[in-house]
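Participant: Below, each chain spelled out in residue letters.
2 protein chains.
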Amino acid sequence: MKVIRTVAELVAAIRTYKVEQPSSSIGFVPTMGYLHQGHASLLERSRQENDLSVLSIFVNPIQFGPNEDLDRYPRDEERDLATAERAGVDIAFLPTVEEMYPTTTKTKVAVSELTSLLCGASRPGHFDGVTTVVSKLFHMVKPTRAYFGMKDAQQVAVLTQMVADLNMDVEIVPCPIVREADGLALSSRNVYLSPEQRKQALMLSQSLLQAVGKLEEDVLAVEQVKAGIIERISQAPLADIEYVEVISFPSLERLSEDTLLPAQDADTLIALAVRFGSTRLIDNIRITKKKGESFPCSVK
Amino acid sequence: MKVIRTVAELVAAIRTYKVEQPSSSIGFVPTMGYLHQGHASLLERSRQENDLSVLSIFVNPIQFGPNEDLDRYPRDEERDLATAERAGVDIAFLPTVEEMYPTTTKTKVAVSELTSLLCGASRPGHFDGVTTVVSKLFHMVKPTRAYFGMKDAQQVAVLTQMVADLNMDVEIVPCPIVREADGLALSSRNVYLSPEQRKQALMLSQSLLQAVGKLEEDVLAVEQVKAGIIERISQAPLADIEYVEVISFPSLERLSEDTLLPAQDADTLIALAVRFGSTRLIDNIRITKKKGESFPCSVK
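Here the protein sequences come in this chain order: A and B. In terms of this note's numbering, the first sequence has 125 at position 80, counting the first letter as 1, and numbering is strictly consecutive. In terms of this note's numbering, the second sequence has 92 at position 47, counting the first letter as 1, and numbering is strictly consecutive.
Don't take every hint at face value.
Said to hold, decoys possible - Computed Cβ-Cβ distance ranges for the label pairs, DEER-style:
| # | chain 1 | residue 1 | chain 2 | residue 2 | range |
| --- | --- | --- | --- | --- | --- |
| 1 | B | Arg50 | A | Gln255 | 20 to 30 Å |
| 2 | B | Thr141 | A | Ser301 | 31 to 41 Å |
| 3 | B | Pro111 | A | Leu247 | 45 to 55 Å |
| 4 | A | Leu115 | B | Ala311 | 43 to 53 Å |
| 5 | A | Lys47 | B | Thr141 | 35 to 45 Å |
Claimed, not checked - SDA-like cross-link-like pairs, simulated, lysine to any residue; straight-line CA separation at most 25 Å:
| # | chain 1 | residue 1 | chain 2 | residue 2 |
| --- | --- | --- | --- | --- |
| 6 | A | Lys187 | B | Val264 |
| 7 | A | Lys153 | B | Glu94 |
| 8 | B | Lys187 | A | Asn95 |
| 9 | B | Lys151 | A | Glu158 |
| 10 | B | Lys187 | B | Ser161 |
| 11 | A | Lys47 | A | Arg168 |
For the record, the hints were derived by calculation from the structure and aren't laboratory data. Ideal Cβ placement from N, Cα and C applies to all residues, glycine included.
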């Protein structure tokens, strides 16, 4: 595995590879590091599906708001590089902030509409930071496929829109959420949780599974599904609900409160964000509408 | 010369070329058609400096304001294709609006600061339209070099900033303004001018040359240079001045009124926009600061 820390070296390495192996595919997993099994699953898939596998680790300052956790975002480069090596990464790119932003960027890539709700509503500018840095990384790595976890379902939808709108020659591959044995979605931010918060954070996945369970037995309106989830999470005294939303996926349009679920015409996402103290957790479940299945729900 | 009208066909052609000729260079000239000698000079340079030369002709609706000349923008596909053929173009890409924007784009590429003055001030959203469509075209064509005329000096500066900020792997090549024998800068919009307007439009280049002539003899303040240009153009009764500005290039920062020219520390652009009836013309002259030259002015 080659560890690269400068943009110039990365661009040169990709250029050489493309000249020497013009028919080969490049898989890319952009991350903010502190890699967990969710990231490892993306890296393994990138390895399996491509000739060259590239990982980037960069805590991108422009996707953090002024009162967010940029300064305390967890880092462990040594462990990350070991994880990457095990997952068969060929190039690990670990730039400094100065490498990525030698001057303050005057150029932004921004996706409208899809970014106005869910995490976009509570984190203004967050997705502009994501689409801008991912554009930069795509231009450096020139990947055939890029892998993103469905825990950040809105990020997947926004990047899919960006790639289509800007004719970027890359396939966005959404990958299933990886969970702890007890159901908690893996996140680098889980490390912030106190033991008691960690225990109560289970309510996130449990409330989603409960909603799916009810939908297996009954047709329910959006407002009933949301009320059930809010009621369940409210049983955790340390949980502070930011949003519970039911939206179409990947178009991210809010379903009206009286829409009956499971919806017949599109995939539906039940998504939530909950704060425990200063730690913000998100989770979601996608209800897929597939023909011929008795119940179109995918617990991924 | 291959004429391509769909995005899919263009992307496939470039992909095949890149696999078969991985070390070859691609030159690209994006235009809105109605090609004149200025465009031809870009095409010839693209031909000379690259293995494959690509022209695009697309009147991009999202860079026109609601009261601008989108609907009457001049078109002559047959003549354009003959010009392209003569200039050694390998691929001419002529997409429809539906090909470029199958749905309304939710994604915008926007450059701040550099777009807040000059044409950006009077044409809100114009440069966002330019940077967005050029991003799309760059992602399709994957050029090594892209050629732009210095008549649109602000466009050159904005695109250079975009490419640097987003790490796009393409070189923006600014090319000299091509002028009629009498000095009028070539523009597809010159066709709109009545004979009398055409005559008076000469004041644009003459006022710039007069300013340069004075600067060859004297050190003058920005306000004196601007006043001289405004006075000269005001002699044309049909001319309606939109702006006359003296700015740094390519950083596009306004110089204070008392700055003495020629400036010692950076290239300077004297830029102007003037309306004749509903026709808007622009012109500029760049004063380069080069060591060892007696007078650092380039009449390009």
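Participant: Between proline 111 of chain B and leucine 247 of chain A, does the C-beta distance stay in 45 to 55 Å?
Facilitator: holds, 54 Å
Participant: Check the hint pairing lysine 187 of chain A with valine 264 of chain B against an upper bound of 25 Å on the C-alpha distance.
Facilitator: Answer violated: lysine 187 of chain A to valine 264 of chain B is near 50 Å, above 25 Å.
Participant: Mind checking the hinted window 31 to 41 Å against the Cβ distance between threonine 141 of chain B and serine 301 of chain A?
Facilitator: Once the Cβ atoms are compared, 36 Å apart, the range 31 to 41 Å for serine 301 of chain A and threonine 141 of chain B holds.
Participant: Tell me if the beta carbons of lysine 47 of chain A and threonine 141 of chain B are separated by a distance inside 35 to 45 Å.
Facilitator: With a Cβ separation near 44 Å, lysine 47 of chain A and threonine 141 of chain B satisfy 35 to 45 Å, so the hint holds.
Participant: Is lysine 151 of chain B within 25 Å of glutamate 158 of chain A, Cα to Cα?
Facilitator: With Cα atoms ~7 Å apart, lysine 151 of chain B and glutamate 158 of chain A stay inside 25 Å; holds.
Participant: Given the hint that lysine 187 of chain B pairs with asparagine 95 of chain A, does the C-alpha gap stay at or below 25 Å?
Facilitator: holds, 21 Å
Participant: Holds or violated: lysine 47 of chain A with arginine 168 of chain A, Cα cutoff 25 Å?
Facilitator: violated, 35 Å
Participant: Against the 25 Å threshold, does the CA-CA distance of lysine 153 of chain A and glutamate 94 of chain B hold or violate the hint?
Facilitator: violated, 31 Å
Participant: Indicate whether the distance between the beta carbons of leucine 115 of chain A and alanine 311 of chain B respects the range 43 to 53 Å.
Facilitator: With a Cβ separation near 34 Å, leucine 115 of chain A and alanine 311 of chain B fall outside 43 to 53 Å, so the hint is violated.
Participant: Taking the beta carbons of arginine 50 of chain B and glutamine 255 of chain A, is their distance inside 20 to 30 Å?
Facilitator: At roughly 53 Å between Cβ atoms, glutamine 255 of chain A and arginine 50 of chain B fall outside 20 to 30 Å, so the hint is violated.
Participant: Given the hint that lysine 187 of chain B pairs with serine 161 of chain B, does the C-alpha gap stay at or below 25 Å?
Facilitator: violated, 29 Å
Comparing the model with each earlier hint shows violations of hints 1, 4, 6, 7, 10, 11; every other hint is respected.
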